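Quick mapping for you: the protein sequence lines, in order, are chains Y and B. Each residue of the first sequence is one higher than the one before, counting from 1 in our numbering. Each residue of the second sequence is one higher than the one before, counting from 1 in our numbering.
These aren't lab readings, by the way, just hints derived from the structure by calculation. Some hints here could point you the wrong way.
Stated by the list, open to error - DSS-like cross-link-like pairs, simulated, lysine-lysine; straight-line CA separation at most 27 Å: (1) B:Lys177 with B:Lys153; (2) B:Lys177 with Y:Lys181; (3) B:Lys277 with Y:Lys181; (4) B:Lys177 with B:Lys167; (5) B:Lys107 with Y:Lys181; (6) B:Lys107 with B:Lys130; (7) B:Lys130 with Y:Lys181; (8) B:Lys167 with B:Lys107; (9) B:Lys167 with B:Lys130.
Said to hold, decoys possible - Selected chain Y positions facing chain B (Cβ under 7 Å, derived; list incomplete): (10) Lys181; (11) Asp186; (12) Gly187; (13) Pro200; (14) Leu201.
Remember, it's a predicted structure, so these values are computed and weren't measured experimentally. Where a beta carbon is used, it is the ideal one built from N, C-alpha and C, also for glycine.
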Amino acid sequence: MSAVAAPARIGRLGLYAFLAATAIFFAIPLLVVISTSLKSLNEISDFSIFVPPSSPDLAAWWKAWHAACTGLNCGGVHVGFWNSVRILIPSVTLSVLAGALNGYALSLWRVPGANLILLALLLGAFIPYQVILYPLVKITSTIGIYSSLPGIIAVHILFSLPVMTLLFRNFYSGLPDELVKAARVDGAGFWRIFVSVMLPLSINILIVATILQTTGIWNDYLLGLIFAGRENQPMTVQLNAIATTSTGEIEYNVNMAAALLTALPPLFVYFVSGRFFVRGITAGAVKG
Amino acid sequence: MSGVVVRGLTKSYGPVHALRAIDMVVEPGDFAVLLGPSGCGKSTLLNAIAGLDDIGAGSVEIGGVDVTPREPSERGIAMVFQSYALYPTMTVRRNLSFGLRVRSVPKTEIERRVAWVSELLQIGGLLDRKPSQLSGGQRQRVAIGRALVQQAKVFLLDEPLSNLDAKLRAEMRVELKRLHQSLAATIIYVTHDQIEAMTLATRIAVMRDGRIEQYATPDVLYERPATLFVAGFVGSSGMNFLPGSLGRASMPVARIEADAIPLDGYPFRAPFADGGKVIFGIRPEHVSFADHERGGPIIEAETLFIEPMGADTLGWFQYGSQRISARLSPQCARGLSGKVRLALDIGQVSLFDPTTEQRL
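Looking at chain Y on its own, in the form it has when it is part of the complex:
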């Protein structure tokens, strides 16, 4: 038996060696970023980027959070962090709820022209941002929300609606329409059925939508740069400003720390909710 197992075991070892090598290869940039963020500037300039920090400390992290400069403002990325939070919470909440409501109405109620609306939404999901940017700037400045918090929130909701609506429509059209009929006979109307029957059924898909929207909107750079305005710049825009500031010495350790700080929230969301994410995606797929 061991004679048979030996070649198989060698094969296994080779497989794991290959996987470990691949993992290290892809992890190297991240490891370098982390180790650089823990070094002092002198250490960075004197040694190779692959040498681990001799005396790791969080000074660069502290500076990135509180005191890094973008142009003349030296408040650190925490300003951008809170801007991003202010943009994120209403954008995610409203776009997910609007998507759920749209999907519910389009799949379970007889909306005249529902198929045309769906087709339009599908097209909307595929239109590249670049095409709409200039018209959207004109529209938002005409109605007076360009370069403001409501402006960037409205733009995020608009861009999210097609995908959110399709996601929820697919989920709801897997439900038996007798459910809505039963609730109508029970006397519930459009909103009561949505709140009491449909939303409780949609927990998994709501979580999936929230994850998609949170990471998407947090990672957005282009829309934030154009529509948020100077006062509401999200963290990504501020990070770029910090990294490209060209006055004086380039503080690699602070830049790395700022990058990591910016990346943390979506990572956190994935770690906490990965379980729900997989469950929600499959629940939608097999008409759970």
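Given the coordinates of chain Y, work out where chain B should sit on it, guided by the hints.
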């Protein structure tokens, strides 16, 4: 108690006519069954009565009130669905009480009615479970319970037993009959199962292609079917249809194969044409061995095979160029072969016009 009156109900999906000018009166306390093959419009008619679908033309009256423009919840109806349609995230108790809570019925009244229903249907032990934790039969009971707590004037049931296995279906059939009698409720019930229809109904509407072919009591439907379709659809081993022609000797006769079968006493609806084509319909139980001496005309046929069904046996015979079946007692059918003489109970035949398919 309220009746239901449907007048000129019409509905089409694009070019497809789902309902063609349906007229129907369900008396208070009736158990009316809409029977027909799938796609005949029976569920569409039920949904139209419930107000769940928009209708093209016509009106629906419940309890003497025209409810055509009203929402389902304002029509005084309760409904049981084929898929049960229980709310998956609610416990049985909340499923039962949802409609009452929507209507803001006082809490003590809700509790009283839920207790009454769970006693009546013996689902008291299930009240705190979710639908996913129930068996098919239990879900069925909860779905019926959810309709009963409404204390509606009219109950609409859409193929409620079709997802149950045969044994459970027979049990629930008895239970439904008991409920109908004890509640004295008006029920409209959709099914494609003619046994369900025959056992439960006080009146049956047989539907085809969006029309009601016949609306009558089970007895009349079985004994005097109004059309060829009804005659063929109702009855578990189907009626024999023998094409032939009509003739007039000293009395009306049907000429089938080489025989002239006398039709004395057949209640013709209208005078018939000599030599006109006819379809002669007779149920297997009205064909018997001639030596039993029941009178009536006798035909000669060749035994083909027999189908034992327990209580009785279905015998199949070659009669000229046609096949005919007879319901026989198992004793006299055993070991049957060769030529036989069959007697036809002429008082029980149905004659149809082959072109209009109407009863003559």
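For this session: Find the hints from earlier in the document that the structure breaks and name them by number, from lowest to highest.
Result: Hints 3, 8 are the ones this structure does not satisfy, whereas the remaining hints hold.
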